[in-house]
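2 protein chains.
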Amino acid sequence: MSGRRGLLIVLSGPSGVGKGTVGQKLRERMPDLVYSVSVTSRPPRAGEVEGVNYFFRSREQFEEMIRQDAFLEWAEYVSNYYGTPKAFVFEKLAQGRDVLLEIEVQGARQVRRRYPDGVFIFLAPPTWEALVDRIQGRGTEDPAVISERLRQAEQEVREVDLYDYVVVNDDVDAAVERIRCIITAEHLRRARAFDEMRRRLTREVWR
Amino acid sequence: MSGRRGLLIVLSGPSGVGKGTVGQKLRERMPDLVYSVSVTSRPPRAGEVEGVNYFFRSREQFEEMIRQDAFLEWAEYVSNYYGTPKAFVFEKLAQGRDVLLEIEVQGARQVRRRYPDGVFIFLAPPTWEALVDRIQGRGTEDPAVISERLRQAEQEVREVDLYDYVVVNDDVDAAVERIRCIITAEHLRRARAFDEMRRRLTREVWR
Chain A
1 MSGRRGLLIV LSGPSGVGKG TVGQKLRERM PDLVYSVSVT SRPPRAGEVE
51 GVNYFFRSRE QFEEMIRQDA FLEWAEYVSN YYGTPKAFVF EKLAQGRDVL
101 LEIEVQGARQ VRRRYPDGVF IFLAPPTWEA LVDRIQGRGT EDPAVISERL
151 RQAEQEVREV DLYDYVVVND DVDAAVERIR CIITAEHLRR ARAFDEMRRR
201 LTREVWR
Chain B
1 MSGRRGLLIV LSGPSGVGKG TVGQKLRERM PDLVYSVSVT SRPPRAGEVE
51 GVNYFFRSRE QFEEMIRQDA FLEWAEYVSN YYGTPKAFVF EKLAQGRDVL
101 LEIEVQGARQ VRRRYPDGVF IFLAPPTWEA LVDRIQGRGT EDPAVISERL
151 RQAEQEVREV DLYDYVVVND DVDAAVERIR CIITAEHLRR ARAFDEMRRR
201 LTREVWR
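Sequence order for the protein chains is A and B. No gaps in the numbering here: position 1 of the first sequence is 1 in the UniProt record's numbering, and each next residue is one more. No gaps in the numbering here: position 125 of the second sequence is 125 in the UniProt record's numbering, and each next residue is one more.
Hints listed in this document are in silico derivations from the structure and should not be mistaken for laboratory results.
Sample of chain A residues at the chain B side, in silico, Cβ under 7 Å:
(1) TYR165
(2) VAL167
(3) CYS181
(4) ILE182
(5) THR184
(6) ALA185
To give an idea of the chain A side of the interface with chain B (calculated C-beta under 10 Å), a few residues:
(7) VAL168
(8) GLU177
(9) ILE179
(10) LEU188
(11) ARG189
All C-beta atoms in this analysis are idealised placements derived from N, C-alpha and C, irrespective of residue type, glycine included.
Taking the hints into account, I'd like the entire structure generated from these sequences.
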């Protein structure tokens, strides 16, 4: 294991597909997976802990981080910034740890450009109707917001070409198991497992 | 599932690594996996059943099949022919079934040329010593035969570049589980899962 770089696992998909729920169960199932904590400029909500839920920074601090190219990806939603700090992720990968990013499609696109070796997993709804139900079921939003979200989700579904794998979230446990298999298989892919085997089996080691 | 082509899973690796044992447990664990029965020109041993262990053919019949390009791969060992019949494999793949080939490294090389879309898994020994033990432990062979097998295994280990995945056979159950994950993950890879998702989520289907 030592000396081997970890995998960057990017779990993304349309808003409302259930990334949070699947990501949380995946982390329970694979406790060694490092979860990347995002930076945000929005104020903490009750119960949210610095460094656990988010790193909370001012808009000015966030903008300074953007200038310093400190983000693997970032975006602004509803006047608040959200971003994935690069240093933490790269440090864990260099230590050989697998890192999980649960991010929006827009952010995944940025990560693909900056770190093409990542394992990009698109979480898809079982049907379009299921996604509509999820987006509407979130509750209090007015019809205009819901309609905008649906339009956005439709756009996001078209971005699937960017991804290495498609996992249908028809059942949370089944989706988690599929993602676990993807991570296992990616570790066994030739480019990654090859050096390890060479190391085990070269003549210098044999004799 | 319908309309989707199955996966050709090629399990290979140096002679003595345990392909047979791992392959058998994998088939028990994944009963839907179609096992490709080989054709051979060697006479049946006691208890061997036509169409289960092998398809038994005369040398002349085998050579006629070679001329008709009926094999995905074939080779001659100790004056007997062994080969994988193409028609059976392609028929099952077209039906959407996954097909498992347990074959020698030499045969895997031929399959890679003829069917590059296969999923090529190299079963590797945990250490070179473990492979030596296995080859020597097979028993009755004289030292010259053993020495020739070791030389061949050493050559075969170098062919790992041809494969998509490397699975170390340190424990049969663990190796089987890794291969199961590889097959699951390969079904979820974009190129394969993509059309399926498009079919589920295109507007024509939604509305």
